[in-house]
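Visitor: FYI, in my numbering the residues of the sequence shown are 8 to 189.
If you are wondering where the hints come from, they were derived from the structure by calculation, not from laboratory data.
C-beta: ideal position from N, C-alpha, C; glycine also.
The reader is advised that the hints may include incorrect statements.
Claimed, not checked - The calculated label-pair distances, taken between Cβ atoms and stated as ranges, are:
{"no.": "1", "residue 1": "V159", "residue 2": "I72", "range": "17 to 25 Å"}
{"no.": "2", "residue 1": "V69", "residue 2": "S132", "range": "55 to 63 Å"}
{"no.": "3", "residue 1": "D141", "residue 2": "P71", "range": "34 to 42 Å"}
{"no.": "4", "residue 1": "V88", "residue 2": "I121", "range": "32 to 40 Å"}
{"no.": "5", "residue 1": "Q32", "residue 2": "V161", "range": "17 to 25 Å"}
{"no.": "6", "residue 1": "I59", "residue 2": "L158", "range": "19 to 27 Å"}
{"no.": "7", "residue 1": "Q32", "residue 2": "S139", "range": "38 to 46 Å"}
{"no.": "8", "residue 1": "E172", "residue 2": "S129", "range": "16 to 24 Å"}
{"no.": "9", "residue 1": "L158", "residue 2": "K136", "range": "43 to 51 Å"}
{"no.": "10", "residue 1": "S133", "residue 2": "G40", "range": "35 to 43 Å"}
{"no.": "11", "residue 1": "P112", "residue 2": "V78", "range": "42 to 50 Å"}
{"no.": "12", "residue 1": "P71", "residue 2": "E47", "range": "33 to 41 Å"}
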Amino acid sequence: MHKRFDVLFFAAFVLLVTAGRAQAQSVYAGLLGGYAATTEKHQGVEAYGGAIGASAGLTLPVFPIYLGARVVGFFGDTGTVAAVTLNRHYLLYGVDLGYDAIFGPLVLRPSLGIGRATLENSITSSGLKLSSSDSSLYLAPGLGLIVKLLLVYVGAELRYNALTESGHWNSVSMLASAGLTI
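Please construct the entire structure, taking both the sequences and the accompanying hints into account.
Guide: Here you go:
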């Protein structure tokens, strides 16, 4: 089922970039990095932690609506109990819808992200490794601050990642971004 979402998110992103590029007020493409944490841990193992990712999107010209896509991988954590090693990490990918409040080179962007959060698990014991993955829909309200410097931008954002399926944990993420804008 989540492969269908992958295709839909990719198609939406391609349509946004190709259809809106000539009419866009701003086009963004950059890298993300940061950290996310949750209060819920399985066997003391954090599934979020440090993160790295990429994002791209555009702001429409007349009414400054931001449409974008992103993928962020969280490194998670590893823990060992009684010769059993557990490794867990998340991969989040989806689309963003926001509003750009533009103040000269500063952009304040409240947004809502929607997409899939895939939890990867691996358990190793006595040389035997078992892996599994499970996905959940996520909704991520957030607030970002972007500083545009000619063709380059830097930014910071705070997001709350609310996962809708049981067995998945919500998180708060703090991400920094840098990239190109035209």
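Visitor: Against each hint, give a clear statement of whether it holds in the structure.
Guide: Here is what the structure says about each hint:
Between V159 and I72 the CB atoms are about 23 Å apart, so this pair conforms to the stated range of 17 to 25 Å. A beta carbon spacing of about 59 Å between V69 and S132 agrees with the range 55 to 63 Å that was offered as a hint. About 37 Å separates the C-beta atoms of D141 and P71, a value consistent with the hinted range of 34 to 42 Å. As the Cβ distance of V88 to I121 is approximately 36 Å, the hint placing it in 32 to 40 Å holds.
For Q32 and V161, the hinted distance range of 17 to 25 Å is satisfied, since their beta carbons lie about 19 Å from each other. Between I59 and L158 the beta carbon distance is about 22 Å. The supplied range of 19 to 27 Å therefore holds. Judged by the Cβ atoms, the range 38 to 46 Å given for Q32 and S139 holds: they are separated by roughly 44 Å. Roughly 20 Å separates the CB atoms of E172 and S129, a value that falls within the hinted 16 to 24 Å.
Taken as a hint, the range 43 to 51 Å holds for the pair L158 and K136, whose Cβ atoms sit roughly 45 Å apart. Between S133 and G40 the CB atoms are about 36 Å apart, so this pair conforms to the stated range of 35 to 43 Å. Under the hint 42 to 50 Å, the C-beta atoms of P112 and V78, about 27 Å apart, miss the expected range. In this structure the hint that P71 and E47 lie 33 to 41 Å apart at CB holds, the actual value being about 37 Å.
Of the numbered hints given earlier, the model fails hint 11 alone.
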